[in-house]
Amino acid sequence: GRSTPTSARRTRLGRGFVGVLSPGSVEIEVVAEERNTLLNRYRHSKLVATDVVLLQDDDVIHSPAALRAFVWMHRAAPAQILGTPPERDYEHRPDAPPKYRYAYVFHPRGGPYSFLLGQTSVLAKRYLDDFLANAPRASLAYVLSHKPTCEDLTLHFFVANATRLPPAVFRDLQPHQISGGKTAQMHTAVSRKAWNNRRERCLDRLVKDFGGAMPLVRSTCRLTGNISAKQDPVLSAAYRHRGPRADRAAAVDDVAPPPPRRERRRRQQQHQL
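Taken in order, the sequence shown gives residues 64 to 336; the numbers are from the working numbering.
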């Protein structure tokens with residue numbers, strides 16, 4: 064969106080004008096596509112006035128705090144794709160037949176991950192044009208002919224191949240579901256096994272299209288977007304007013320999980336002694 068002058072009162076939706084805006088609001092332009100190709104979202108970089116874009120599904124919405132965290136983290140890691148859970152990974156099976164070399168890991172469960180789902184993607188605007196112009200033609204054609212399955216994976220392959228960097232996930236910034244629910248998501252329309260098979264076909268095809276080597280980069284970095292003053296008063300103030308400090312940009316949580324309850328109790332008793 065773009066900042067709207069105080070005198071502006073209309074919201075532009077498609078080709079017409081509807082709605083009334085209060086002073087200081089934002090003008091929204093909605094582009095109605097004739098058909099859903101799953102690549103439409105990458106075609107409108109000329110309409111974007113910022114250096115960073117938020118790509119998200121039409122059934123979710125993010126809080127203002129989440130949007131601020133996205134902007135601040137993008138400043139610290141402008142070349143990486145940022146997003147929200149769930150994250151995913153792959154498993155290499157060198158002894159499997161050529162078409163089944165890469166397994167789809169549905170739940171990394173706190174372990175390494177290498178790509179995020181397309182529900183939310185924060186990335187540099189330059190990737191929009193680069194992706195459509197320079198991604199392998201065979202990969203884009205497969206997205207068009209086998210939707211919905213491979214679009215988000217293709218974007219991650221493309222960015223990882225260009226940057227040799229992993230994505231970064233905010234572990235605590237789940238979007239709000241505004242329509243449907245988990246039962247209405249794409250992977251629930253078929254069985255888990257059938258969906259995993261589709262995704263594994265995507266992985267194998269993309270490895271082939273990108274030259275035969277897996278470009279995805281693994282990471283265990285999970286970011287914290289909601290920083291309270293009690294947790295870290297300095298970082299909390301930076302997030303609210305200036306964005307993260309350069310030396311503590313991401314509030315990266317790459318440490319060991321908290322100890323079990325019995326161990327915490329023992330430590331508390333030692334501290335009291």
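Just so you know, these hints were derived from the structure itself, not from any lab. Just so you know, not all the hints are guaranteed correct.
Listed next, with one range per pair, are the computed distances between beta-carbon atoms [stated by the list, open to error]:
no., residue 1, residue 2, range
1, Asn289, His107, 39 to 49 Å
2, Pro175, Glu97, 20 to 30 Å
3, Ala204, Arg172, 18 to 28 Å
4, Arg234, Arg138, 38 to 48 Å
Heads up, simulated DMTMM-like pairs for lysine to aspartate or glutamate below, C-alpha to C-alpha not over 25 Å straight-line [to be verified]:
no., residue 1, residue 2
5, Lys109, Asp267
6, Lys188, Asp122
7, Lys256, Glu96
8, Lys109, Glu97
9, Lys210, Asp122
10, Lys188, Asp121
11, Lys109, Asp120
12, Lys256, Glu97
13, Lys271, Asp158
14, Lys210, Asp158
15, Lys271, Glu96
16, Lys210, Asp193
17, Lys210, Asp114
18, Lys162, Glu92
19, Lys162, Glu97
20, Lys188, Glu263
21, Lys210, Asp152
22, Lys256, Asp193
23, Lys256, Asp235
24, Lys256, Asp267
25, Lys188, Asp120
26, Lys210, Glu97
27, Lys162, Glu263
28, Lys210, Asp235
29, Lys210, Glu263
30, Lys256, Asp192
Glycine included, every Cβ here is placed at the ideal spot set by N, Cα and C.
Structure-based check of each hint:
no., hint, verdict
1, Asn289 x His107: 39 to 49 Å, "violated (31 Å)"
2, Pro175 x Glu97: 20 to 30 Å, "violated (40 Å)"
3, Ala204 x Arg172: 18 to 28 Å, "violated (34 Å)"
4, Arg234 x Arg138: 38 to 48 Å, "violated (20 Å)"
5, Lys109 x Asp267, "violated (33 Å)"
6, Lys188 x Asp122, "holds (22 Å)"
7, Lys256 x Glu96, "violated (32 Å)"
8, Lys109 x Glu97, "holds (19 Å)"
9, Lys210 x Asp122, "holds (18 Å)"
10, Lys188 x Asp121, "holds (19 Å)"
11, Lys109 x Asp120, "holds (20 Å)"
12, Lys256 x Glu97, "violated (33 Å)"
13, Lys271 x Asp158, "holds (17 Å)"
14, Lys210 x Asp158, "violated (29 Å)"
15, Lys271 x Glu96, "violated (31 Å)"
16, Lys210 x Asp193, "holds (21 Å)"
17, Lys210 x Asp114, "violated (29 Å)"
18, Lys162 x Glu92, "violated (43 Å)"
19, Lys162 x Glu97, "violated (35 Å)"
20, Lys188 x Glu263, "violated (29 Å)"
21, Lys210 x Asp152, "holds (20 Å)"
22, Lys256 x Asp193, "violated (33 Å)"
23, Lys256 x Asp235, "violated (28 Å)"
24, Lys256 x Asp267, "holds (16 Å)"
25, Lys188 x Asp120, "holds (17 Å)"
26, Lys210 x Glu97, "holds (16 Å)"
27, Lys162 x Glu263, "holds (9 Å)"
28, Lys210 x Asp235, "violated (29 Å)"
29, Lys210 x Glu263, "holds (14 Å)"
30, Lys256 x Asp192, "violated (34 Å)"
The earlier numbered hints that this structure contradicts are 1, 2, 3, 4, 5, 7, 12, 14, 15, 17, 18, 19, 20, 22, 23, 28 and 30.
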